[in-house]
Amino acid sequence: MNEHVISKQPAGLKQSVPREPGGHAGRIAARTVMWLFLLATALLTLFPLLMTLTGSLKTGAEMMTGGSLFPAKMQFANYAEAWKQANFARYTWNSAFMSVMVTIGTLLVASMAAYVVDRREFPGKRIYVTVQASMMFISVGAIVLRPQFDLMVALHLNTTLWGVILILVSAHSSTFFMLQGFFKAIPRELDEAAMVDGSGFIRTFFRIILPLLTPGLGVAGLFAFRHSWNEYILPLVFTMTNPKLQTLTVGLANLRYGSSAAMQIHLMMAGACLSILPMLLAYILANKTFIQVTAGSVKG
Amino acid sequence: MIYKWRRLGENSLFLAPSIILTLTLGIYPLFWMLRYMFYDYAGYGEALFIGLDNFSRLLRDGLFWESVRNTFVFAGGKLLLTLPLSLLLAVILNGKLRGVSLLRGIYFMPTVISTAVISVVFYNIFNSYNGMVNTVLMKLHLVSAPVDWLGPKHAMLTVIIVAVWGAVGNYMLLFLAGLQSIPQDLYESAAIDGANAGRRFWNITLPMLAPVAQMVIMLAIIASLKGYESIMVITEGGPIGKTEVMYLYLYKLLFPVSTGSPVAQQLGYGSAVGFASAVIVGAVTGLYFFFSRKMNKVY
Chain G
1 MNEHVISKQP AGLKQSVPRE PGGHAGRIAA RTVMWLFLLA TALLTLFPLL MTLTGSLKTG
61 AEMMTGGSLF PAKMQFANYA EAWKQANFAR YTWNSAFMSV MVTIGTLLVA SMAAYVVDRR
121 EFPGKRIYVT VQASMMFISV GAIVLRPQFD LMVALHLNTT LWGVILILVS AHSSTFFMLQ
181 GFFKAIPREL DEAAMVDGSG FIRTFFRIIL PLLTPGLGVA GLFAFRHSWN EYILPLVFTM
241 TNPKLQTLTV GLANLRYGSS AAMQIHLMMA GACLSILPML LAYILANKTF IQVTAGSVKG
Chain E
1 MIYKWRRLGE NSLFLAPSII LTLTLGIYPL FWMLRYMFYD YAGYGEALFI GLDNFSRLLR
61 DGLFWESVRN TFVFAGGKLL LTLPLSLLLA VILNGKLRGV SLLRGIYFMP TVISTAVISV
121 VFYNIFNSYN GMVNTVLMKL HLVSAPVDWL GPKHAMLTVI IVAVWGAVGN YMLLFLAGLQ
181 SIPQDLYESA AIDGANAGRR FWNITLPMLA PVAQMVIMLA IIASLKGYES IMVITEGGPI
241 GKTEVMYLYL YKLLFPVSTG SPVAQQLGYG SAVGFASAVI VGAVTGLYFF FSRKMNKVY
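If you're matching them up, the sequences are chains G and E in order. Residue 32 in UniProt numbering sits at position 32 of the first sequence, with consecutive numbering throughout. Residue 10 in UniProt numbering sits at position 10 of the second sequence, with consecutive numbering throughout.
It is worth saying that the hints were derived from the structure and are not from the lab. Backbone N, C-alpha and C define an ideal beta-carbon position, used for all residues, glycine too. Keep in mind that the hints are not guaranteed to be accurate.
Examples of chain E residues toward chain G, derived with CB under 8 Å [as the list claims (entries may be wrong)]: (1) E10; (2) I92; (3) V120; (4) F255; (5) P256.
Subject to a maximum C-alpha distance of 27 Å in a straight line, what follows is the list of computed DSS-like cross-link-like pairs (lysine-lysine) [unchecked claim]: (6) K288/G <-> K96/E; (7) K73/G <-> K84/G; (8) K244/G <-> K84/G; (9) K139/E <-> K153/E; (10) K242/E <-> K153/E; (11) K184/G <-> K288/G; (12) K184/G <-> K4/E; (13) K139/E <-> K73/G; (14) K226/E <-> K294/E; (15) K4/E <-> K125/G.
Kindly produce the complete structure, drawing on both the sequences and the hints.
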């Protein structure tokens with residue numbers, strides 16, 4: 001990086017810059033060490049994923065004996081078996097339903113609140129914002145699950161996934177702040193002009209402002225979706241007495257206790273692949289967005 | 001006047017869903033806990049007011065303090081490995097290298113995968129008899145007999161490794177964001193003044209990164225003191241309580257059925273444990289914030 005800069009300097013100045021210690025050979029050695037380190041870390045990061053993929057294609061017996069990394073013969077039937085026998089069709093449907101509903105709900109609730117907070121003054125605005133900010137930090141762990149559960153029982157929502165969905169939507173404060181940032185980028189003149197033209201508040205929001213917010217909604221939605229797709233403890237608690245409602249995370253983790261768990265490792269790996277793949281695919285497609293937004297969240 | 005009321009109505013309508021959800025599912029549970037920590041309440045039947053008895057029980061509860069100790073070992077081990085590693089990766093990837101974005105993508109990948117699912121995978125990878133880790137280590141002749149990774153001796157190390165795997169990419173990215181906000185000309189003028197790479201790192205990068213690092217480290221501390229999901233899946237706190245952490249202990253008091261734990265459900269005592277755990281996390285964060293406040297001032 002500095003070579004580039006130095007080369008721009010006049011020739012006389014170049015002499016005054018001391019060379020890095022070690023000279024040419026030292027620099028090559030340093031680069032080699034650095035690349036070895038980078039590749040080793042990358043490999044260690046990918047190793048479990050590779051294991052899952054190859055494991056999902058092995059036979060049960062092959063998994064039992066350890067053996068080599070790659071399967072002797074690809075067992076694509078594992079996926080069909082996991083899908084049907086280990087009930088992954090059901091789990092996938094539950095996960096997808098829950099995550100889609102949570103994403104829609106979170107975006108709706110958070111965007112409406114963020115719009116009003118960004119555009120209007122009202123009594124208690126500061127209190128509202130402070131409470132939302134503190135909701136991101138307060139955590140007493142599993143303890144809140146019980147009163148939440150009791151509330152859902154009172155509302156008769158404990159026998160469906162709607163209880164879990166409502167609870168996940170209630171944790172919308174980070175989406176709220178993210179969307180508030182996006183609203184700031186939309187000029188106020190736009191909604192004012194629309195309202196002068198006779199469009200009501202609600203209509204302006206849904207017809208004019210929300211469509212403009214699409215990129216922001218996409219990013220926030222991606223995060224909300226990832227969060228609910230990966231959620232484990234909440235659906236676990238809610239489906240303890242209702243195995244039909246289990247999501248992928250819960251169903252997969254429960255496979256460990258199966259009567260013949262040891263024989264099913266290959267199915268577990270196939271199931272793990274089934275639950276990881278959608279997120280991984282979304283990640284690869286939206287890699288840049290993920291990385292930029294996550295990186296941006298530390299500022300300010 | 002009508003206009004004013006209408007505005008108020010619109011505001012309320014748009015805020016109502018958020019406020020109702022936050023009040024009922026976010027704030028009410030906190031008051032619920034604050035109330036029941038003074039009660040003897042099993043979760044069914046009658047709740048009996050017992051004043052501070054839950055807290056005196058807490059002080060004498062060896063299992064709880066053991067879990068607090070484990071929490072600090074776990075969080076300490078995780079942070080000690082994660083933070084330097086992610087900072088090092090961030091510093092390297094901040095330079096102009098071939099394949100930078102691919103590497104960033106790979107390192108960040110674990111954070112998009114469910115902790116529970118990947119813990120199931122690690123559970124199988126670290127299996128002592130047919131796990132891939134032992135197979136690889138034996139083939140490389142690094143060990144002569146399979147290591148019992150999930151046994152009492154190594155279980156803590158195993159859950160720390162899994163936690164580090166899942167966290168490095170995230171903190172690398174946050175550090176990287178901080179590094180990229182450091183103005184490049186600082187480095188250029190330092191290079192002209194004859195500062196070598198080490199000096200530039202020590203005198204420019206570290207102080208300029210300090211405010212961001214302060215935030216990132218705080219997030220990391222909170223997250224590692226609170227994390228129990230992956231431990232729950234991999235070891236369930238076992239063997240013989242060697243990986244029992246604070247929040248997992250709390251979870252077992254509240255939902256003993258799901259973990260097959262022999263403890264009876266105790267919501268009253270659980271509330272006290274939850275409160276104490278939150279206070280411990282808060283105290284550590286506060287202490288960290290106090291001692292790191294100098295990091296906030298760059299100039």
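**Study point:** Earlier hints that do not hold, by number
**Key:** 5
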